[in-house]
Each structure stands twice: as C-alpha cells, then as structure tokens.
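> If you read the sequences in order, they're chains X and D.
The first sequence begins at 102 in our numbering and counts up by one.
The second sequence begins at 102 in our numbering and counts up by one.
Honestly, I wouldn't trust all of these hints.
Any copy will do: because identical chains look the same in the list, a pair fits if it lies in one copy or spans two.
Stated by the list, open to error - Okay, derived cross-link-like pairs now, DMTMM-like style, lysine to aspartate or glutamate, Cα gap no bigger than 25 Å in a straight line:
id: 1; residue 1: K137; residue 2: D364
id: 2; residue 1: K375; residue 2: D251
id: 3; residue 1: K154; residue 2: E285
id: 4; residue 1: K154; residue 2: E217
id: 5; residue 1: K379; residue 2: D138
id: 6; residue 1: K375; residue 2: D138
Derived from the structure by calculation, the hints contain no laboratory data.
There are 2 protein chains.
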Amino acid sequence: MTRFHHKEHAEKQSREMFVEAALEAAGSVDNGFNLKDSGALYLGYFSSDMFEKQGHTSALMADALGINPIPATRVEAACASSGAAVNMGIMAIASGLYDVVLVGGVEKMRTLGTGEVTDTLAMAADVSYEAAVGFTFPGLYAAIAAAHFDRYGSTWEQLADVAIKNHENGKLNPKAQYQESILEIANKIGKRKGLEFDDPMDFLTSDLNPMVADPLRLFDCCPISDGAAVAILASEKVAKKYTDTPVYVAGIGQASDTMALHDRPELTSLTASKVASKQAYEMARIKPKDINLACVHDCFTIAEVVASEDLGFFEPGMGGKAASEGRTSLSGDKPINTDGGLKAKGHPVGATGAGMVVEMFKQLRGQAGERQVSDPVYGLAHNVGATGGTVTVQVYRR
Amino acid sequence: MTRFHHKEHAEKQSREMFVEAALEAAGSVDNGFNLKDSGALYLGYFSSDMFEKQGHTSALMADALGINPIPATRVEAACASSGAAVNMGIMAIASGLYDVVLVGGVEKMRTLGTGEVTDTLAMAADVSYEAAVGFTFPGLYAAIAAAHFDRYGSTWEQLADVAIKNHENGKLNPKAQYQESILEIANKIGKRKGLEFDDPMDFLTSDLNPMVADPLRLFDCCPISDGAAVAILASEKVAKKYTDTPVYVAGIGQASDTMALHDRPELTSLTASKVASKQAYEMARIKPKDINLACVHDCFTIAEVVASEDLGFFEPGMGGKAASEGRTSLSGDKPINTDGGLKAKGHPVGATGAGMVVEMFKQLRGQAGERQVSDPVYGLAHNVGATGGTVTVQVYRR
Numbered sequence: 102m103t104r105f106h107h108k109e110h111a112e113k114q115s116r117e118m119f120v121e122a123a124l125e126a127a128g129s130v131d132n133g134f135n136l137k138d139s140g141a142l143y144l145g146y147f148s149s150d151m152f153e154k155q156g157h158t159s160a161l162m163a164d165a166l167g168i169n170p171i172p173a174t175r176v177e178a179a180c181a182s183s184g185a186a187v188n189m190g191i192m193a194i195a196s197g198l199y200d201v202v203l204v205g206g207v208e209k210m211r212t213l214g215t216g217e218v219t220d221t222l223a224m225a226a227d228v229s230y231e232a233a234v235g236f237t238f239p240g241l242y243a244a245i246a247a248a249h250f251d252r253y254g255s256t257w258e259q260l261a262d263v264a265i266k267n268h269e270n271g272k273l274n275p276k277a278q279y280q281e282s283i284l285e286i287a288n289k290i291g292k293r294k295g296l297e298f299d300d301p302m303d304f305l306t307s308d309l310n311p312m313v314a315d316p317l318r319l320f321d322c323c324p325i326s327d328g329a330a331v332a333i334l335a336s337e338k339v340a341k342k343y344t345d346t347p348v349y350v351a352g353i354g355q356a357s358d359t360m361a362l363h364d365r366p367e368l369t370s371l372t373a374s375k376v377a378s379k380q381a382y383e384m385a386r387i388k389p390k391d392i393n394l395a396c397v398h399d400c401f402t403i404a405e406v407v408a409s410e411d412l413g414f415f416e417p418g419m420g421g422k423a424a425s426e427g428r429t430s431l432s433g434d435k436p437i438n439t440d441g442g443l444k445a446k447g448h449p450v451g452a453t454g455a456g457m458v459v460e461m462f463k464q465l466r467g468q469a470g471e472r473q474v475s476d477p478v479y480g481l482a483h484n485v486g487a488t489g490g491t492v493t494v495q496v497y498r499r
Numbered sequence: 102m103t104r105f106h107h108k109e110h111a112e113k114q115s116r117e118m119f120v121e122a123a124l125e126a127a128g129s130v131d132n133g134f135n136l137k138d139s140g141a142l143y144l145g146y147f148s149s150d151m152f153e154k155q156g157h158t159s160a161l162m163a164d165a166l167g168i169n170p171i172p173a174t175r176v177e178a179a180c181a182s183s184g185a186a187v188n189m190g191i192m193a194i195a196s197g198l199y200d201v202v203l204v205g206g207v208e209k210m211r212t213l214g215t216g217e218v219t220d221t222l223a224m225a226a227d228v229s230y231e232a233a234v235g236f237t238f239p240g241l242y243a244a245i246a247a248a249h250f251d252r253y254g255s256t257w258e259q260l261a262d263v264a265i266k267n268h269e270n271g272k273l274n275p276k277a278q279y280q281e282s283i284l285e286i287a288n289k290i291g292k293r294k295g296l297e298f299d300d301p302m303d304f305l306t307s308d309l310n311p312m313v314a315d316p317l318r319l320f321d322c323c324p325i326s327d328g329a330a331v332a333i334l335a336s337e338k339v340a341k342k343y344t345d346t347p348v349y350v351a352g353i354g355q356a357s358d359t360m361a362l363h364d365r366p367e368l369t370s371l372t373a374s375k376v377a378s379k380q381a382y383e384m385a386r387i388k389p390k391d392i393n394l395a396c397v398h399d400c401f402t403i404a405e406v407v408a409s410e411d412l413g414f415f416e417p418g419m420g421g422k423a424a425s426e427g428r429t430s431l432s433g434d435k436p437i438n439t440d441g442g443l444k445a446k447g448h449p450v451g452a453t454g455a456g457m458v459v460e461m462f463k464q465l466r467g468q469a470g471e472r473q474v475s476d477p478v479y480g481l482a483h484n485v486g487a488t489g490g491t492v493t494v495q496v497y498r499r
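Start from the sequences and build out the full structure, keeping to the hints where you can.
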C-alpha cells in the first residue's frame, strides 16, 4: 500500500497511487510475482466520478499497470468498496475461473475541499431522505453515539480512549497518515497558542478539539486521505508457488441494510455487521473469541465501539468500557486497529478495505514490526459502507 | 426490464425503475419467484454519482427491493457496467456461495441536459489524455469509422443500413425507445418542414440528419435513455425448481484494453472484443458460426460493424457489407440486435448489458413475438465499455 495521507499524494493521480501499491504488493511476494500473471483485477473506488471526474477506473488501472487484456472491474459499495472488491476476488478464485487475482482500492479525495468532500461522502447516504435534510456522516454517526450513550450509559470519554489508542498504534505504522500520539499532536497545536498538555484528555476536552456533531468532536472523526492498497489473492494450490507462508482466507461475509438510518429498528448496532460476521465465522468454523486481532471500520470512534460489539468481541453496550480498559490495545486480549485504524492510518475511502488486508498479511506473518501482536492465528477485517448499508467481513488465518 | 426511454421515466428515481424491472423479472419466472430468495445482488450503474448525485446504489436498490440483508454490490465498467455485473453474478454462483442471484443495471441519465450527458459519458474515456483535449465518444467512434473506411473501403451507407435495420427491429419491441422505422421518423420530422420521404436514405443524407462527428451523423448515434433491466441467475440444479425451460449460460468472457484509443496499435477492431469472445466461445465449446443471434454494443453504427467482425461473424472489413446485404437482419443468417440494439431500443448505460440478457431469455425461449428468430440455440451478448477499455461477452444456450 501507499502511505495514506492528506498531502503527500497531492501531485499524483489515482492511477499513480494504485500502481505504486500494486508494485509494492508484487514486491512483497516471497518468490516474486509478475502482475501480468493475474487473472483479473477487482478495484474498489468510491467516487472517482466526483473526485477525479473520471469513470471506468478499473480499465484505467489495468492500463496503468500494463496488464491488458486481463479483465478489470470496479466495485463500489461506499466506504466498503474495496472490502467488497476483496470478496469479489475471493469468489472469482472460488469459481475456478482464475487462479490468481489482484484486488485493491484507491481514493483520490484531496482534489476537493473539506466541505465538498463531506458532501461527496454524503452521497453514500440516502441522498433523497438523509442528505436532502442536512445529514452528513458526522451527524449520522453522532445519532448512533447519542443512542448508544442513552441506551447503555457509554460515555464520550470511552470514545476518546479509542482515538488515543488508535493514534498510539498509528505511531508504529510507517504507512499511517498520523504517526503521532494525540498528546504529541496536542502539544504541537498547543504550542502555537502558548499551551502545554500533560494529558491528552485535557486537549480533547478543550476548544482545540471542537464539536463537529454532538457528541462527536474533531478527534472522533477519521481524516480525509489519499491512498491506495493492493493485495494478491491466489488459490491455495497456486499460492504455494509464490510463498511458503501464505495467509489464508478462512471465511467471508457481506450484508446489506436499509440506506437510511431512520429506517432501522434501533441505532445502537449495525445489523449488517452482525449478519456479515456470522457468515464469515461460520465459513471459518470459528467463534468471535478465536479472533486474535481485528481491523474494524472506525470512521468515527463510536463506529469502532459498535463494531466491537456487533462482531461479537464484547457484549452489547460493553465496547466502550473494553476500550477504556485497554482490552483493544496492542497488549490487550482483543487488539483492534493495530495499524492505527481509519482514525490514525487515514481513510482514503475506496482503499480502506484493501488496506486492512495489508495489515492482516503483515500481522499473521509476524511482520508487523513494533506493532506486532503476539502470535496471532486468526484476524478479522471489517469494512462498512455508509451507516452499514453495506458491510463486508473477511476472516484470515495464518 | 422497464421500457428504455428518454421521457417516460422523467418523474422516477433509479430505484423506482430498478424495482419495476426486478418485479417483472420475478414475474417472468414460470413457477414464481420471491426476490427475497436471492443470495446476492450485482448492480451495474455507470455514474449514479453524476446523474443522481447518489453513491452506494447497490444498497439503495436492495433496500428499495426490500431484500435486506442480502449482500448487494455495484459494478462499474463504463457502458459495460451491467455486462460486468452479469459476469459477477455468474461467478458468484460458480463459486458455490449462492444458488440464486439477481443481476441487473440501471441508469437515470435524463437528469442532465444532452451536453452534460455527453460530458459525463466522456468520463469513461481517459479524462486526462482524451477528454481533456476535446474528445467525447462521438469523436472517438468517428475516428474508428474513418479508419475502417480507409482500411477496408467500407462506407457510410453501410452504417446507415445498420441504423435502418435496428429501427426495423425496434418497431417490434414494446420495450424499445423508438418503435418507428427511420422512414416513419423521417416523415414525422419532414412534415414540420413540408417534406415527404419515400426512401430513408434521402432523409439520412439530408440536413435533417446533421453531422455529429465526421463521418457519423445523428442517426449513427444511439440515444440518451433512462431505464433498468434485471435477470435472475440460478445454478443449474436450482433453476429446475423455477422453470422447465431455463436459458443456460454456456460461456463468459471479459477483457480490458488501453483506456485511450491512441494507445492502440490499430483502430479498426477492439482487441478486448476478440479476447472476451474467444474466452466465451472456448468455455461454451462452440465457434462463432454456431451463434444464431447476437446483441452487440451498437452505441454507434460503426460499433456494430466492428463488433460483427471482432466476434468472428464476418471477416475483418466485411461487417458493413454483411449489414447492407441483410445478413444481420431478422431474416438473415446472423441476426444482430433483434431487440433494436442501443440505436433503437435505447442506451441507459448501466442497464444495457442486462437488457441484452432479457432479449436472450426471450429469443432462446421462443417468446420474442414478432421479432422472434427462427429456432435459435445459441445467443451472444456483447457489452462494451468506452472504446473497448472493457468488453464483456456471454454465450447463452437454450
């Protein structure tokens, strides 16, 4: 994958980032890999249309990679675009049509200003019934947070602990957009104002962390990022040609839910996360307790809390408490977002699901460096489109 | 499918058209079908982003159909979006993950004016290297036509014969946008000017058929349309539960090519059409001569001529002559675009590939009414993205 970043790729088109990621993917194959040996390409890209005024980006990437005439298809499912592309690639191999496929994602977002990006992202909600009345995603997830606080007594401080933890992890990930703890960021920002912080909470509760949509503040929201990520999938038989230590796909799942949040019976969980993870667990023949680490879709801090419950790691309402207790940190019993998550690693929308595969590959092969989880066997990747209108899950095994 | 039309759906959103098409698809299943029995949905939509300012349309359609939580994924490959969605659905079933899937496509284009639609469609070309210097699709296909004329001596009159033939077929298709022959249209338009035509060629060579991009005139171009189409795919075993006369998928293919036309070694054929059809023929274990009818992607008349050569129906350079000799008409030896093609049936971009499946279903079951081809066994559907950056092919068997 490229680094996910809000500035670093300013001069690059999506095709340049995608090629960079694909070449790194090929380079990470132990016995070498020629991209032309791929049978197909599945590309996640949320809105090339709005961000680059470019459609047909699957063919664009195949061309840029020099792998014509291999078939290339773009998959779009809002922020779960490349999670869905990964599932497509897995199915393509399972179908027997191909032995090896490229899956990946890219998003070039920083062509637009922050307000325009927020409006473009709101296209992933129901434009007629949500965006039309002023809802953008911070507002929708704020509604989820408020409902979660009300129902379970979870607190904003628990959400802040999620952000603090994900920045600690991002510090250890050279591909992360933010490689600083929140305290470090606090003192960098504070310095300009003549302020010093000893505790990140003092910063997070200050005006320097402004309210975006009550109760969510700026540091509850993931950033806007450019980036690309690519993975190479192969059938079990063929994979052995390329490496002695492949990472296996043990199970996958995908589910849909109502587009509009107001059409759900309740706001404190995402049904699609439950359904998709159940499918993946059953296919993998494991239980949530067997998962040793997870990348979950923390577009907002509350989303990580809700995901950690929906995926069965903690009881409903206990996700925030678990985060505050450190159970989801690198040394906890259920490490979540070891790569920094969307919060610190960044969230180039269409690349996020594919970026999770990169973390799974590194962790399950014991190559995650300073952020390596101890001896993991199973890892889970969870990618959410919008407020859960789409959720994809993959369970990986070393 | 809905009727494809430029006015009829003006008051409808894409979701309403898609539901209409899906309900008709379910209603066409001999022993009945509940949409909720689908395992997944694959939706082709080229640019919901630009046309409806809506992303995440896969979840939108699943919601509108009331089939949550079944997984739904949008597939985009320019004008081959739903051809690619059909291939995805076929792979999904082949993977063993699902027994029945919905595949389909939709495009709501008439939210924009004609110029804006042309600009939006140009996003399927290489925006940086083609659209940026003024190329839109009429210009790109005009370059193909000019090259074909130059290399093979084919003529504009042959292209006109393609248009005349496709309108004759469209007359017999209640779902077609234009259900009038070109002569009928000529006299309707002529009446306002006090003109009468006995021969469609007199109209087509007149100022009433203005030059769009030399040598292509207005009636060489398919129209702009709204519409949706849906097909239900099932594994062979499960299909028998629903009908005694299923239509079989005998082979599929898909290929990519350079985004930009200027990067190709020659302009008179689409390599991706050749590669994709070769895959499909080999999978079906048949030859081009075994195909009894075909729906090919005639976004411009020249595209049908080139396709009829690339798909192996006629020798290179002989496609135009074959059309003029009536070989591709309903009573010819190789009927092409029996449903009117993009030219007369209409071209709601994302729905076109799925609309071809509808024609295949009707023709191979002998239910195509007045436009029924005599006793067909094999039919081929050919869907092109842009100038062949993507091509999908399916071979169907009765």
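> Next, verify each hint and record whether it holds.
Each hint, compared with the structure:
Only between protomers do K137 and D364 lie at most 25 Å apart by alpha-carbon distance; the minimum there is 18 Å, versus 46 Å within a single protomer. Proximity of K375 and D251 under a CA criterion of 25 Å is satisfied intra-copy only: 21 Å inside one chain copy versus 61 Å between copies. Neither within a single protomer nor between protomers do K154 and E285 lie at most 25 Å apart by alpha-carbon distance, with minima of 37 Å and 39 Å respectively. In the homo-oligomer, the alpha carbons of K154 and E217 lie at most 25 Å apart both inside one protomer (14 Å) and across protomers (13 Å), since each shortest distance falls under that limit.
Within a single copy, K379 and D138 get their C-alpha atoms only as close as 34 Å, which misses the 25 Å cut-off; across copies the closest is 19 Å, which meets it. Taking identical chains as interchangeable, the C-alpha atoms of K375 and D138 lie at most 25 Å apart only when they sit on different chains, with a minimum of 20 Å there against 36 Å within one chain.
In summary, the structure is inconsistent with hint 3 from the numbered list given earlier, while agreeing with all the others.
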